[in-house]
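Taken in order, these protein sequences are the chains called E and V.
Note that my numbering has the first sequence beginning at 1, numbered continuously upward.
Note that my numbering has the second sequence beginning at 1, numbered continuously upward.
FYI, nobody ran anything at the bench for these hints, they're computed from the structure.
Don't take each hint at face value.
To be verified - Looking from chain E toward chain V, a few residues come up when the C-beta cut is under 8 Å (computed):
id, residue
1, V34
2, I41
3, V49
4, L50
5, V54
6, P164
7, F281
8, Q283
9, F287
Unchecked claim - Derived lysine-lysine pairs resembling DSBU-like cross-links, with alpha carbons at most 35 Å apart:
id, chain 1, residue 1, chain 2, residue 2
10, E, K288, E, K118
11, E, K288, E, K193
12, V, K287, E, K81
13, V, K215, E, K284
14, E, K288, V, K215
15, E, K118, E, K193
16, E, K81, E, K68
17, E, K118, E, K284
18, E, K68, E, K193
Bear in mind the structure is a predicted one, so any value in this text is a computation, not a measurement.
All residues carry an ideal CB built from backbone N, CA and C; glycine is no exception.
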Amino acid sequence: MATTLEAVRHRPDAPRPRPGWFRRNRSAVVRHGVINFFMLIIILPLAWVLILSVKSLPDAMRGNFWPKRFDFTHYGYIFQKINTLPINLFNSIYVTAGTVFLTAFCAVLAGYALVHLKPRGGPFIIAMLLVSLYFPVRVVSLISVYEIQNSLGLINSTSGLILPYVTLNLAISVLIMRSMFQLVPHELFEAAKIDGAGPWRSLWIIGVPMVRNGLVVIFIVNFVTAWGEFLLCTTLTNDQDARTMPVVLAGAQGGLGQWSWPNVAAVYVIVVTPGILAFTFAQKLFFKGLTEGVVKG
Amino acid sequence: MEETIASGHVGLTPTRHGARTGRRTTLLRQGIGTWLFLLPALIFFVGYQVYPIFRVLWISFTDYQFLSDQPAHWVWFKNYADALSDPLMWASLWRAAEFTIMFLPGTIILPLMLALLVDRVTQPRLATLYRVVLLIPAVIPSTLVFVLWKWMYNVQTGPINHFLIDTLGLFTLRNAPEWLGGTPLTLPSIAVMEWWWGLGYHTIFFLAGLAAIPKDLPEAARIDGANEWQVFWHITRPRLAPIMMILVVLRFGSAMAVIDEYLIFGGFNRASPTYTWTMFMYDEAFKTGLWRQGFAAAIGMIGAVAMMFVVVFLLRIFRPRD
Chain E
1 MATTLEAVRH RPDAPRPRPG WFRRNRSAVV RHGVINFFML IIILPLAWVL ILSVKSLPDA
61 MRGNFWPKRF DFTHYGYIFQ KINTLPINLF NSIYVTAGTV FLTAFCAVLA GYALVHLKPR
121 GGPFIIAMLL VSLYFPVRVV SLISVYEIQN SLGLINSTSG LILPYVTLNL AISVLIMRSM
181 FQLVPHELFE AAKIDGAGPW RSLWIIGVPM VRNGLVVIFI VNFVTAWGEF LLCTTLTNDQ
241 DARTMPVVLA GAQGGLGQWS WPNVAAVYVI VVTPGILAFT FAQKLFFKGL TEGVVKG
Chain V
1 MEETIASGHV GLTPTRHGAR TGRRTTLLRQ GIGTWLFLLP ALIFFVGYQV YPIFRVLWIS
61 FTDYQFLSDQ PAHWVWFKNY ADALSDPLMW ASLWRAAEFT IMFLPGTIIL PLMLALLVDR
121 VTQPRLATLY RVVLLIPAVI PSTLVFVLWK WMYNVQTGPI NHFLIDTLGL FTLRNAPEWL
181 GGTPLTLPSI AVMEWWWGLG YHTIFFLAGL AAIPKDLPEA ARIDGANEWQ VFWHITRPRL
241 APIMMILVVL RFGSAMAVID EYLIFGGFNR ASPTYTWTMF MYDEAFKTGL WRQGFAAAIG
301 MIGAVAMMFV VVFLLRIFRP RD
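Using the sequences and the hints given, assemble the complete structure.
Dropping the structure here:
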């Protein structure tokens with residue numbers, strides 16, 4: 001992070017200071033100044049927690065941003081001493097992967113059908129999905145979702161969380177996929193049909209590659225939601241073993257021993273990094289998908 | 001499964017060529033094939049969103065208690081009457097509105113300003129770098145944002161109070177501000193956190209809108225002698241209005257129905273400013289007594305309907321006028 005900020009400050013194309021330089025470039029300087037101020041505000045909390053995770057214990061108690069002594073042993077310590085940590089991490093990965101793939105599967109099929117198979121109730125379904133975006137479904141439906149999970153015997157079950165998680169972003173995912181499939185010419189599917197390909201085959205071979213950018217958006221959006229979901233997880237599970245890592249972290253009181261500040265910060269860094277890494281690698285596709293699917297949609 | 005649908009579609013070919021026999025059955029089979037594609041999404045959508053809403057509506061007319069072994073009775077509007085005559089219902093609705101009023105302006109105006117600035121950055125690599133940094137908070141999952149800020153707001157060990165006490169010397173350890181935990185500062189603190197979280201994402205939204213404005217429009221206006229403010233007000237603002245409308249309505253909805261933050265920061269203290277209608281509902285449904293879910297469902301419905309009134313009102317103000 002520090003290096004990127006350095007790069008921002010010393011822009012390679014910045015004109016060299018000459019007499020009267022500031023007056024001529026005042027608006028550009030102010031602009032980049034303000035932008036970099038906001039960038040700093042975005043980065044600073046994350047930088048703080050990253051540094052906290054490698055601070056020695058006395059430094060963590062003192063609160064200075066830059067520690068006197070670094071201590072990298074916290075990462076090893078948490079895996080040895082916090083018993084449920086691997087289980088919680090596994091729960092997070094398992095629930096998130098299940099949610100992301102199920103939602104993407106539902107959204108691709110529904111988006112394709114709504115655009116290219118033109119079902120009779122299509123406009124009604126789309127209207128319902130749109131309404132559900134404006135209604136506080138997540139909160140109001142909680143009582144009934146608890147009842148459903150209870151009658152299915154899924155209270156305190158990690159796998160059971162996947163079912164309500166899928167719906168959290170289902171509406172927006174279907175709508176994104178719908179606007180992605182609207183960009184795919186209908187003739188392509190017609191041609192595939194004439195060549196003897198069924199709708200499943202033509203969807204898999206022609207459709208999916210063409211909506212790839214939208215899929216990236218859906219993957220990331222659903223990953224972020226499922227990875228950090230709190231309300232349903234805390235309501236539908238009771239045991240720490242059944243919960244996902246962020247929910248356990250939210251209940252952890254930073255202090256001494258197992259949950260000393262550097263230790264919780266190390267857990268935090270482990271949990272937050274996958275998302276940021278995945279996004280950084282996929283950002284080109286993500287931006288393309290965002291402009292194609294979300295803004296035009 | 002794959003076979004039947006495939007044949008259903010291949011079966012369409014004869015009707016195209018004019019053969020009339022079997023047209024009805026192929027249409028029917030084509031219809032079934034289409035619905036098979038929609039089925040997975042619909043099962044989840046109906047099972048976990050549409051049905052629960054109607055189920056909660058039904059529960060709200062009964063005296064259903066989850067932990068009670070007595071059967072539920074239909075009580076008509078008793079729960080609604082009880083809730084509406086409870087001062088806590090009105091207080092909790094007002095608290096949600098208070099938070100929304102604090103949160104909404106900052107989460108629209110700050111990203112708009114930032115987007116106008118970033119949009120002017122012409123150097124491509126720098127522009128990409130800014131966009132990537134902007135989206136980093138948006139890919140941090142919600143709970144992790146809350147946990148991070150919970151630590152930062154910590155009275156004794158948090159970096160914000162450390163900065164105020166040790167660096168600036170504005171406070172001492174005794175009178176250091178308590179940001180969270182039901183103090184009057186709690187709602188503003190949460191609002192600032194939400195600004196941070198949404199800043200980048202909303203900026204990207206506005207940037208996408210700005211990119212759709214043809215560059216020669218503002219240029220021409222500037223040549224005609226318009227100043228920057230006039231360019232913004234007469235050219236940029238009207239073209240950003242649709243995006244702004246979506247953001248205002250969606251963020252209004254999410255702000256009024258916030259619950260995770262209050263569960264993590266506030267707790268179930270009924271006097272806390274974080275005890276909004278969502279917390280009231282959750283408290284009655286899953287924490288208090290025999291889990292009076294009939295009453296809780298009525299609270300949820302009242303909150304949702306109150307919200308929807310404002311959403312419809314907002315959609316009416318912002319509707320495109322030609």
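The hints, checked one at a time:
no.	hint	result
1	V34	holds, 6 Å
2	I41	holds, 7 Å
3	V49	holds, 6 Å
4	L50	violated, 11 Å
5	V54	violated, 15 Å
6	P164	holds, 5 Å
7	F281	violated, 11 Å
8	Q283	holds, 6 Å
9	F287	holds, 7 Å
10	E:K288 / E:K118	holds, 26 Å
11	E:K288 / E:K193	holds, 29 Å
12	V:K287 / E:K81	holds, 32 Å
13	V:K215 / E:K284	holds, 23 Å
14	E:K288 / V:K215	holds, 20 Å
15	E:K118 / E:K193	holds, 16 Å
16	E:K81 / E:K68	holds, 25 Å
17	E:K118 / E:K284	holds, 32 Å
18	E:K68 / E:K193	violated, 69 Å
Hints 4, 5, 7, 18 from the earlier list are contradicted by this structure; the remaining hints agree with it.
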